[in-house]
Structure formats: structure tokens, C-alpha cells
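Engineer: Residue strings, one per chain:
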Amino acid sequence: MHLDNFAIGDSFLHRADPRVKVVLAALFSVVVALADDYACLTVASCVAITLLVVARLSLKQVLLRLLAVNTFILFLWLFLPFTYGGEEILSIGPFNATREGIAYASLITIKSNAIILALIALIATIPIITLGHALSHLRVPDKLIHLFFFTVRYLQLLHLEYDRLRDAMRIRGFRPRSNLHTYKSLAYLIGMLLIRSFDRADRIRKAMVCRGFHGKFYLLSHFELNRSDMAMLVFMMLVISGMAALQWLTRM
Amino acid sequence: MVNSDVVIRLEGVSFGYPGDQSRRPVLDDLHLQINRGDRVGLIGSNGSGKTTLFHLIMGLLYPTQGEIEVFGEKRMQEKDFREVRAKIGLLFQDSDDQLFCPTVAEDVAFGPLNLGKSQEEATAITQGVLKDLGLEGFGDRVTYKLSGGEKRLVALATILAMQPEVLILDEPSAGLDVETVDLLVNILESSDLTYLIASHNGDLLERTSQIVYRLNGGKVIRENRDLAFPSEIGYC
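Same order as they appear, the protein sequences are chains H and G.
Take the first sequence: its letters are residues 1 to 252, numbered as in the working numbering.
Take the second sequence: its letters are residues 1001 to 1236, numbered as in the working numbering.
Source of the hints: derived by calculation from the structure; they are not laboratory data.
Since we're looking at a predicted model, the values are computed, not measured.
Hints should not be assumed to be uniformly reliable.
Stated by the list, open to error - Think about it this way: if two alpha-carbon atoms lie no more than 25 Å apart in a straight line, the pair counts; the simulated SDA-like pairs of lysine to any residue are:
hint, chain 1, residue 1, chain 2, residue 2
1, H, Lys206, G, Gln1093
2, H, Lys206, G, Ser1045
3, H, Lys206, G, Arg1009
4, H, Lys111, H, Arg153
With the hints as extra help, turn the sequences into a complete structure.
Structural biologist: This is the structure we're talking about:
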């Protein structure tokens, strides 16, 4: 498991204040998600690609992530053009694709990829721990931050536990097949993981209570906004406002 | 019997896990007294109730019968145990249960902050404790990326950071290499803390404890040192 793949680097974006990056990523995503104007989305895609170039990330890794996202989008292309009502422009056997359906699927494809690229450039370049701290400084509710931290901390451990259980099954000759024995064994595996996580959660709670925990976390690290962070914040806000304006103008 | 030197006293304590009525209780009419300055070892087979006993002392579990007295006061409910937890540090068997903060420094500072220390005080304590344990420069390390031995030492640091009067160590040497066990022994020897160690490691107990108890059949019995370990060590 490599949660911090993109966080290693020394580009301008890696050094930027994580709070600024979180705010910009959120604004960018909202504007793009709500937009349906191609001029706006073209600008958004260009902005996302520029950010990615500035972040200087491994192209191969980025393409792999994009592949994962676009696998889902492929399913949209299988269904949307044929189920959306409108002018029929293509028929494959008994199925008819509509112009509106194709347009809609393209829109979703462009939006998702633009958002993912921007998130990779802005959010994935923050080490996961720092991201939690940044969210906390942005006044995200404590409970969500705790959930986030605990998930990060114990995901790794659960994954290792899963690997151990899988190995234990494998050394006794388990090979997944399409039969009841396989389903039953995998169900046991998942059940065991759930029970173990539950037990672990209980032990962690006890350990925390022993150290005087009473529902409050304290943060030790603090961030400082420097001049280039402010410049980036202002510049990007202008760009995002421009995108929103393009969208708004087409509605007039 | 009022004695200010008694730190932990268990009188006729019994405990059974709910839903387990068919079996004998884990602890059965157990008596145990630990005085200030005692260095006590606890042995007992797997499942003999060592961890249960520790959780009862910390107020994580409550006895079905009997009395628990810590620092001269009877402890019956959650709020009685808050003071106990501030003064007794329990090192868990699995350090992964204990280390839950993202970074080492945050984890070590967690206890002191809970006890009402300021950020500056907590940071100073953290640095001091890490230095004492030879963990300088570990502050920014990510807890889940530490090795097994490092995790145990950091977990010990999180306990020591609360500046306890008594340490309870649950299998502290399990899974550690000889060097790390040596380090642990040195830390315990050079401290002036009262402590209680449960371990299967006879060598560790011989080097660190004056008295050894055996937990068997839900009760504790003084272990004959000469039988347990070949060397003779005085008992005070």
C-alpha cells in the first residue's frame, strides 16, 4: 500500500501551503462539477494539466491512476448513450445511441478527468498526515479528522492482517475457485477481519483511556502562509473565478 | 490497615468474562499487594489472567467480587480510576494498540496533553523522554512505519511521558531482539519506579525483579526464586 506515492517531491506545488491547496482543490472541483459549458471545461482541463506539469509527477503513475478512474467511466459509455433520450444518431444491432447521451457521457468524462488531475496535483502532493493537519486547521470537525487519522493509521495494519490470513489459507492449499467452499472460506476471512478490527478498536480505546483520553486531540504542528502561497491562492482564485464566469456567461 | 507505602492492593478479587459462566472465573479470590519501590515479576501460562489482572488495576474492567485499592483509596468506578491512570502507566502487549497518532512526537505528547500540560511543556517532556530512551530524532517518524523494537520503545516512551509512579508492563520483551531487551532492562534498572512485569522471559524477570509471583488457577502465589531461577536474589 502506497498512500503517499505522489507526496514525495520538491516541486513548487509540493512546497506550497497544504491549506491553500486543499481550498483550491475544493473550489476547482465544485466549479467543474457544476459546469456544463465546453469553453469552461476546456479551460479547466488546461488548468489541471498545467498544475500536473508544475507538480512534476511521474507520468506513468499518473496514467495508472487515470486508468483506474476511467475504468468506471467506461461503464458509463456502455450505458448512457443508449439509455438517454434524444436524437438517435447511431445504431448497433437493436441499440440506438443518442446525440444527447453521447454529449452527456463526454461531459462526465472530461469533468472527472479534470477533477482527478487537479486532485492529484494539489491533494496527492500533500503527505497524508499533513493533509489531516491541514483539514484540522481549516476547521473541519474534529470527529471527521479523527476518523481520517484512524483510517490512515489502521488501514495499513488491517491490510497486513488480511495478508497474513490470506497466506495462512494459502499455505494450507487454498486456491480460490468458483465453488461453495471458496465463498465460505472468503466469508470466514472477511468475518475474521471484522472481528479482529473490532477487538483492536477496543484495545486501542483502552490504551487511550489509560493515557487520560477524554475526547480531545491536540495538534503539535502549525503551518505558515508565505508570500508565494498567497500569490498562488490569489492567482488560482482568479483562474477559477474566470472558469465560473465562462460558465455563467453561457447561461445568460 | 493504613499503610502509605502500599500502592496497589487487591482483596479477594474475582473476575469472569460475561457469557463464560460454564468455566471457572479467570481470577478467583485473588490477593495481591504491591508496595512502593517493589519490582515485581509475574509469570503464568497463556490465558492465566495476567492481562485481565492489569486491566482490573487500571479500571478497564471491573471485578465481579472483591476490592481494589490503589494509592490508599478504594477504586470502584470510572472516575476513581482517572487518578490511577495518571499515576500508573500500562504498557500494552501489542504496541500497535498503543500507538495511534500519526507521528511519534504526537503520540508521546498525547498523554501529557490529556493531563492538562501546555503545548510547550508537552513538547519538552516528549523530547526529554525520547532522549532518555535513545530515540532522539524519532519525533517526526510515522508510527506505523517503525520496526517492532522501535514501536515497543516508543510505546514505553508514551507511558513514561505521563511521569507515572508505577509501571505495569504486559509482556514487554515479546518479539524483541536481545539488544532491545538489554536496553529495556537498563531503562528499568536505572529508574526508581515501582513496577510490575508480566513475562514468559525468565531471564528478563531474573534481571529486573526482586519478587516473582505466579498466577495460577485465578490466584497469585509467591514463586520460589531458587526454583524459578538458579541465582539467589534477596527480597525486601
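Engineer: Take a quick look at whether H:Lys206 and G:Gln1093 sit within 25 Å of each other, Cα to Cα.
Structural biologist: 12 Å, holds
Engineer: Hinted pair, alpha-carbon criterion (25 Å max): H:Lys111, H:Arg153. Please report holds or violated.
Structural biologist: Distance ~32 Å between H:Lys111 and H:Arg153 Cα, so the pair is violated.
Engineer: CA of H:Lys206 to CA of G:Ser1045, is that 25 Å or under?
Structural biologist: 23 Å, holds
Engineer: Hey, H:Lys206 versus G:Arg1009, does the alpha-carbon distance stay inside 25 Å?
Structural biologist: Holds, because 22 Å separates the two Cα atoms, which is no more than 25 Å.
In the structure shown, a violation is registered for the earlier hint numbered 4 alone.
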